[in-house]
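Engineer: The hints should help you fit chain L with the ligands onto chain X, whose structure is shown.
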Amino acid sequence: MIVVNVLHRPIRTVVSVLAVAIEVTMVLIVVGLTTGLLNDAARRTQGIGADVVVQPSGASFMFSLSSAPVPVKVGDRLAEIPHVLAVAPVLFQSDLSTHGIGVIFGIDMASWNRVSGGFVYLSGESFRGPMDVLVDDWYAKANHLKVGSTLSLLSQNFHVCGIVEHGKGSRLFIPLSTAQELSSSHDKASIFFVKCTDPGYTDDVEAAIQRLLPGWEIHSMQQFMSMMTSNNLPALDTFIDAMIGLAVSIGFLVIFLSMYTTITERTREIGILKSLGASKGYILGIILKEASLLGAVGIIAGYIGAALVRKVLVGSFPTLYVESMSAGWAAKAAILALLGALIGAFYPALRAARLDPVDALAYE
Amino acid sequence: MEPIIRTEDLKKLYRIGKLDVPALRGVNLIVEEGEFLAIVGPSGCGKSTLLHILGGLTGPTSGRVLVDGNDFRAMNDADRTRFRRHKIGFVFQRFNLLPTLTARDNIELAQSIQGNGFNPRRFAQVTEMLGIAAKLNHRPYALSGGEQQRVAIARAVICEPKILLADEPTGNLDTENSQLVLNMLRTLNRSFRQTILMITHNPEAAAVADRIIRMRDGRVVSA
Ligand SMILES: Nc1ncnc2c1ncn2[C@@H]1O[C@H](COP(=O)(O)OP(=O)(O)O)[C@@H](O)[C@H]1O
Ligand SMILES: [Mg+2]
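Residue numbers (the working numbering), protein chains in the order written: chain X, 1 to 364; chain L, 1 to 223.
Since the hints were made in silico from the structure, they are not lab data. Among the clues, some could well be false.
Said to hold, decoys possible - Which bits of chain L does chain X cover? Going by a derived footprint, with three or more residues having C-beta under 8 Å, they are:
| # | segment |
| --- | --- |
| 1 | 44-57 |
| 2 | 73-84 |
| 3 | 87-98 |
| 4 | 103-113 |
To be verified - Sample of chain X residues lacking proximity to chain L, with all beta carbon distances greater than 12 Å (derived):
| # | residue |
| --- | --- |
| 5 | His8 |
| 6 | Asp108 |
| 7 | Val120 |
| 8 | Lys141 |
| 9 | Glu181 |
| 10 | Trp216 |
| 11 | Asn232 |
| 12 | Leu233 |
| 13 | Ile244 |
| 14 | Lys274 |
| 15 | Ser279 |
| 16 | Tyr282 |
Here a beta-carbon is modelled for each residue, glycine too, at the ideal position from N, C-alpha and C.
Just chain X, same shape as in the assembly (with noise of 0.2 Å):
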């Protein structure tokens, strides 16, 4: 009978079964989003290559909220501690063109070198000049970028001098000192990369800075991967929550609003049943099994949703990661939709059960 009536009624069906599955795509690509953008900094953060990463106090392990830089002499310090091979100081810059893909890297190519192991260069070379620019291929594929293009940055127009493979640390890198000139930060850096003679002096190195510069942010690039969640920004946090409350409240409402109009069109439906000897909870079943049922197609239909618009958002920007759907956030999203429909039809669902039966059947 469920099956039944939900066929009966096929534009509210369809309307019902799409507000779930807008419901579940959008919790689902909000997620995806922003864990692919976490994921995706923390894997280009990784492939740095350097095993302590050093940044003064009060610094977020998302570059672009980072706090004022300090002087570059800190890092001659950490080179003399006892098995550290090199210490890479980069000045970050950011500005609208670089919303989205994170921070602009000022590094200096030498230490640089010697901490990552080196770009890999698909064409060009390194810095000449002081307005030289390295893209990532990423970056390049997206923008339509060449050696010998123009990319304005930073309100400056830089020289793309050659592109490099993806995947370390960010996707554009101009020269340290253009970078502390540009924003009058002389002699600065914003973090301190270290690369040890060999990964197993890690702890002793980290434990060496610490001593060094109390109060600073001093993590391995291990804990420094597992802080890069949203759970350690409020902000992405309260976002997501907010999104996802969002939609779920869209699911939420049209449930309510079809299952109460339907118990409306289905008055005398009721009352038959219950002249058939229907209890309370017989109605309420039915209704909640009916709103049950939209709930579970819409979320199917909400996972491809989910699918095909990963697959074009991919597709439509070239340097943005969206992660695909985890078993953990399918549930969850699955759970939330079915929830939202199960509280949505709950007081019609209330209302049918305690319909009069002889009103019920009067009605016309």
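Structural biologist: This is chain L with the ligands only, laid out in the frame that chain X set:
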């Protein structure tokens, strides 16, 4: 033996706004098990209300109602629902089939609500007797009025209720179909000793019953 239905000074008031409308003003009625009773009387005299109370669709305002040993005074809404589920079958003037379900599903629905599961023997017996075995896969709109009412009767008796309550079952049917439906009620009564209370306006219909009671202004005026 205790009669299957006994009412004593049964009263029912409907409250419309601030006005009390008396629908039943003291009905005393005794029906024996296996009886086929016709209830006649002018429109608005309380016939349907009486049937609704006997079937537990609504409660009495005062007076006693005893149906198959159940005293309604001691029963709440849920008790009456359970009572109705197991002991009462309703047939209405407007057939009241669920439009989205086939004849078969309408009949099976009653069995599923009753909760004793599907009984294929009973199902075959009832549909055969009512002459609807060939129409079971049709939806109500594809059936004639007479067929719809026979499906409704099948649905009402499929769970072997103690009492069949029929509110003007031939009110929407032509003479031929009326006769068919009346014959079937008669057969149900004769072959299964089915207790039937039937409201009707039609003297010919009333004539198939064992006994006729007349109502006027919320009272039984002649038994
Ligand atoms: N649900 C109700 N609410 C208010 N008044 C009702 C209701 N049902 C019946 N009545 C009133 O009770 C009286 C008896 O109605 P009813 O039992 O339907 O009569 P009958 O079936 O003999 O035509 C009528 O005056 C009717 O208006
Ligand atoms: Mg009536």
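Engineer: Hints first: check each against the structure and report whether it holds.
Structural biologist: These are the hints, each one checked on the structure:
1. 44-57: Our answer is that it holds, as 3 residues pass the Cβ test (under 8 Å) against chain X, meeting three.
2. 73-84: With 4 residues close enough to chain X, the hint holds.
3. 87-98: holds (count 6)
4. 103-113: Contact hint for the segment 103-113 of chain L vs chain X: holds, 4 residues under 8 Å.
5. His8: Contrary to the label, X/His8 does not stay out of reach of chain L, its closest Cβ about 5 Å off (not over 12 Å).
6. Asp108: At about 76 Å from chain L, X/Asp108 clears the 12 Å cut-off, so the statement holds.
7. Val120: holds (66 Å)
8. Lys141: At roughly 56 Å from the nearest Cβ of chain L, X/Lys141 sits farther out than 12 Å, so the non-interface label holds.
9. Glu181: It holds; X/Glu181 is separated from chain L by about 76 Å at its closest Cβ, greater than 12 Å.
10. Trp216: holds (70 Å)
11. Asn232: holds (53 Å)
12. Leu233: holds (51 Å)
13. Ile244: Fine: 36 Å to the nearest Cβ keeps X/Ile244 off the interface.
14. Lys274: violated (7 Å)
15. Ser279: violated (5 Å)
16. Tyr282: violated (6 Å)
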